[in-house]
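Student: Okay, here's what each chain looks like letter by letter:
2 protein chains.
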Amino acid sequence: MLILDGVKVAQQWCLEQKRAGKSIGLVPTMGYLHQGHLSLVQEARQQCDVVVVSIFVNPIQFGVGEDFETYPRDLSRDQALLEEEAVDALFAPLISDMYPPGYNSFVEVGGEITAKLCGASRPGHFKGVATVVSKLFNICLPDKAFFGQKDAQQVMVIEKMVRELNFPLQIVRVPIVREEDGLAKSSRNVYLDEEQRRQALVLNQALREAEMHVQQGERNVARLKEIMRKVIASSPQAVIDYIDIYDAADLGDMEQVDRKALMALAVKFGNTRLIDNRLVEV
Amino acid sequence: MLILDGVKVAQQWCLEQKRAGKSIGLVPTMGYLHQGHLSLVQEARQQCDVVVVSIFVNPIQFGVGEDFETYPRDLSRDQALLEEEAVDALFAPLISDMYPPGYNSFVEVGGEITAKLCGASRPGHFKGVATVVSKLFNICLPDKAFFGQKDAQQVMVIEKMVRELNFPLQIVRVPIVREEDGLAKSSRNVYLDEEQRRQALVLNQALREAEMHVQQGERNVARLKEIMRKVIASSPQAVIDYIDIYDAADLGDMEQVDRKALMALAVKFGNTRLIDNRLVEV
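Quick mapping for you: the protein sequence lines, in order, are chains Y and Z. Per the numbering used here, residue 251 is the first one in the first sequence, and the count goes up by one each step. Per the numbering used here, residue 251 is the first one in the second sequence, and the count goes up by one each step.
For identical chains, the list gives no copy identity; a pair is met inside one copy or between any two copies.
Quick list of in silico lysine-lysine cross-link-like pairs, DSSO-like style, CA-CA up to 27 Å:
1) Lys272 with Lys258
2) Lys258 with Lys394
3) Lys400 with Lys518
Because the hints were derived from the structure by calculation, they are not lab data.
Isolated chain Y (complex conformation):
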């Protein structure tokens, strides 16, 4: 696996791949890789000639008081995992290479899609995401870029950005990968102590419970949210950030689940904020 040493080297190498007629698959990550990331890599490996994985804990998508400093990092372990997946190139730039002194160019997607859910809880988060992803697209020149459905709002924002700013590439969504007991895989799960880890199962349980009620005919969004709230409340340590149900196409409000909907929640256990979601169709 090639280590692309810096922005210029990476862009030059990717340009050469394109000139050689190869399709590029990009998997942007913040590292500390788990099976969720690896499923993105495997999908890229299947669909593209060349697979590039980026590892970059992007400071500008973290707010004040968030976990930028403590976000888990283990580059050599990540590197070994990517070697096993036959990744062609790893791009792990320095912050100073991505954001040199005086840096002041940003990409922002406005409207409901970034105002709700994590956009409401984490002001500026999606501006940081849209900016770094734009930079990664321009550096790595992917034909396809792979994102996990775990960060449902993120992939929606990126899809809208790609469509509206006309990036010449396709976004591929890859399903959530879960632990055997149902907890969605996340680099942040390592923050949880044993008791929190046990209680964190309520996220997936709440989503399953709500989905079951939809399947049994419940359409009322307020009642479905209340069902989820009760499941979460069964965990004494859980502090709800949001529990919401929105139109899965654009995060538009809905009172009845009469079209494809995104059920999404964010819950804190101590300092650890976990998210999970499920798409439901009727």
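Chain Z: place on chain Y using the hints.
Tutor: Chain Z only, in chain Y's frame:
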């Protein structure tokens, strides 16, 4: 000359050119072409295999009360001029194709470089420029894009954006083209009546006068601005928007012209706002 009918067709065609190993030169314009635009086209013709010219009067870079509605347009005349320059493809998209309903993705360069000069006079202008230029880059995939030094601040903003967002292309600056009497070519010159057209010569005269004083040893920015102000004031109809001298690299403030400087001015004659500038080195 091929007419690229819509965003998707244009992007597809440009992708094919790239796959065929051809370099693409893009000349983004708002149409109503004059010799200034054609000098960009000629430069692109010399430097690239394939030349694409875009014509798009970009609504989001015009403020309320500005001249978006009345901006001069003559597509068939433009088309004939571009045929003569052996342009390969013309891209003249509809507004609804560039900004479909619900459009909400923007690119913005912050800091001094957009806060001064036209950025101060025209709030939101450079956000509109950065956004449309990003879209044109993503659609037309240029190896080189050609911009006129006439819009000095615009080309600085775009160079910063390209550098910071890592667009895989090079910006080429092309010198100002002037009428025989010195007035900088501009599509907006057609707005001037005969008397205004005569008085508009003060822009270039003021810049020449200031440059002469620099050559003779004057370094004081305040005094140089005063020299320009006096020349402009000799025109009874001229209303000064700004007369400024900044660091040519980043629009940083300067009290002495002790490094490369941009002397720039914007002056209104009736409803017509004209800009002009000159780079001076010491």
